[in-house]
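Asker: Given the coordinates of chain A, work out where chain B should sit on it, guided by the hints.
So you can see what is in the structure, the chains are spelled out below.
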Amino acid sequence: MPETNETAQPETLVSVRDLSLDFDTLSGPLHALRNVTLALPKGRITGLVGESGCGKSTLAYSLIGLLPGNASIVGGEIAMDGLDLAHLRASEWRKLRGTRIAMIFQDPMTSLNPVTTVGQQMLDIQYRDRSSRAEKRAKAVEFLEQVQIPDPESKLDVYPHQLSGGMRQRVCIAMALLTQPDLLIADEPTTALDATLEMQIVDLLKELQGKFGCSVLFVSHHLGTVAELCDDVAVMYAGEVVERGTARQIFHDPAHPYTQALFECDPGRIREATRELPTIPGTLPDLRRPPRGCAFRARCPHAWPRCADEHPPLYLRDEGHDARCHLLDETEAVA
Amino acid sequence: MLYYAGQRLVLSVVIVMVAVSILTLMMHVVPGDPAVMILGPRATPELIEQTRVAMGLDKPLPIQLLTFFGNILRGDLGQDVFTGRPVSRIVFEQLPYTLILISVSILWSAALGILLGAYSALRRNTWLDTLTGILSVGTISIPAFVMALYAVLIFAVWLGWLPAIGAGRGFWDGISHLILPAFAIGVAWVGYVARIVRASMLEVMGEPHVRMARAFGLPERRITRSHILKIAVQPAVTLLGTGVAHLFSAAVFVEVIFARPGIGALIVSAVNERNYPIVLGAVLVTTGIIVLATLISDLVVAWLDPRQREGM
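Line by line, the protein sequences give chains A and B. Taking this note's numbering, I'd label the letters of the first sequence as residues 1 to 335. Taking this note's numbering, I'd label the letters of the second sequence as residues 1 to 312.
Next comes chain A alone, as it looks inside the complex:
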């Protein structure tokens, strides 16, 4: 298990520092990401969890430069091997995409070009290679085999609509891995699939990540999947990272009240029969006017006056485990 060697500090591949991002809306700028700081270690799977609208997908898209036109990065940097991905020109992005960074998307039903065969699409993404058509075809077959697609040779001449959803997501994974990226971004790749397929795809991702050794950013709101797959976890709330740590630390010792509340709502963790599924009361704050203190304060069962006045920094809980909650400051003071 990779979690066992968590004392050995792995090298960082991508380092997001104080990243702030605004969406331009009709009613003013919406601060979708606020001072996000996150490190993606080399060769590990980082899970990014949080409820819808917390900015996890926005963060994922900013790592591959595919933000919508009304988004602008207003502060911070994304460092990767001396490059600052937060301030990259379009031509520089194109050199990174499909070589060092690849992405798997949420909906496999619409992610493949419907009017081109699977094989042609897998050849197209190798347009940078100078190898022959036959070699590229062979490589496509090899990667379809890697994602356990039966009879891969024949699938090259098939159109996406002739494949099932699970098969299409496998094709997407094969395409992403074929480019041998250093960073693979997976934006809720199993959300559109049913539970059985979800487990298959998660197992596949884990196996292939082990084989190819790339770093993975796995965006999901499914805690069970994240626990199964990820080495490290970052929890996002209202455009902020509120807790970071290894999967073991986060799942066994959640420090932030929001993380704790998320776990209480996870249907997989409910032990007793109830008539209603638990929810976190309240809604996300309006990100056009983010609250001054702690963003989770209005929904937090432990909120106290300090939470309203002072924005909590990331307090260290443990080695490699920190959270944005004043409660942690107090425990330190008491200790």
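Check the hints yourself; a few may be wrong.
Unchecked claim - Listed next, the stretches of chain B that the computed footprint assigns to chain A, with coverage defined by at least 3 CB atoms under 8 Å from CB atoms of chain A: (1) 223 to 232; (2) 300 to 307.
Stated by the list, open to error - Heads up, incomplete: computed chain A residues facing chain B, CB under 10 Å, no partners named: (3) 64; (4) 95; (5) 107; (6) 120; (7) 128; (8) 172; (9) 175; (10) 263; (11) 265.
Said to hold, decoys possible - No more than 27 Å apart at the CA atoms, straight line, and that leaves these computed lysine-lysine pairs for DSS-like: (12) 230(B) <-> 136(A); (13) 211(A) <-> 42(A); (14) 139(A) <-> 95(A); (15) 95(A) <-> 59(B); (16) 139(A) <-> 211(A); (17) 42(A) <-> 139(A).
Derived by calculation from the structure, the hints in this document are not laboratory data. Cβ coordinates follow ideal geometry from the N, Cα and C atoms, glycine included.
Answerer: Here is chain B on its own, set in the frame of chain A:
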């Protein structure tokens, strides 16, 4: 693909047969005996009876229909009432003029329309996009014959750059005679095609597979060609296929205005002379061509998009 093409072909033949049946029946619904109309009011009853037998009008309707179908299959569309020349020959003499006019109109307007539409979508909200939008709506709302009249007035009468009348002799003369009519017919279609391509391009540009192509760093030009345009031109192709029917009716006016030979001019003069066999023959041939054009556009769409092949 072959299976789909075969299916579509059979369907087209059925459509033509139904259209022909309706046309023939309509000729019988029209009040008055065709024989009387041909011979005029002062014909003797014997002569009328003779003509009726010669035209097969004394036989029951289904037999007449069958005979008509049989004749069509043998390429016999009847005779010109006045000259006695075979209708098929008269129609096919005029057909090339109209076909050239329509094909040239379609080709230039589709090419320019797709180009402008694609450019408008890719450079949304630039001055060229706005200009294209205004011009499109403007030209769409002007009928072809008005366009033709002004084209003649400006380029032939005032400026004297291009000939106004006839089809010309020889290749270059033919082309110079083609420019104004083809412009008059095609200009509205530039607008149509540009609007429709722009709208569907914008729709396709927002689809996830385009984003995925970007995520793999594919060059923008390639994304535009094989991910966006290949899907976005489909509505325009369908529009052009069905638009051939409109082009034929536009050709009727334009051929009269430019005094060009062609099917349109032929139909107009035949209707004026009550020369029904020629009207019938010309309409029959145009129907066949329209159905053929629809078939071709369906096949082009199916060739572009595999999902359409299985849609039947």
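Asker: With reference to the structure, classify each hint as holding or not holding.
Answerer: Evaluated hints:
no.	hint	verdict
1	223 to 232	holds (count 4)
2	300 to 307	holds (count 4)
3	64	6 Å, holds
4	95	7 Å, holds
5	107	6 Å, holds
6	120	8 Å, holds
7	128	8 Å, holds
8	172	7 Å, holds
9	175	7 Å, holds
10	263	31 Å, violated
11	265	29 Å, violated
12	230(B) <-> 136(A)	24 Å, holds
13	211(A) <-> 42(A)	14 Å, holds
14	139(A) <-> 95(A)	21 Å, holds
15	95(A) <-> 59(B)	79 Å, violated
16	139(A) <-> 211(A)	16 Å, holds
17	42(A) <-> 139(A)	25 Å, holds
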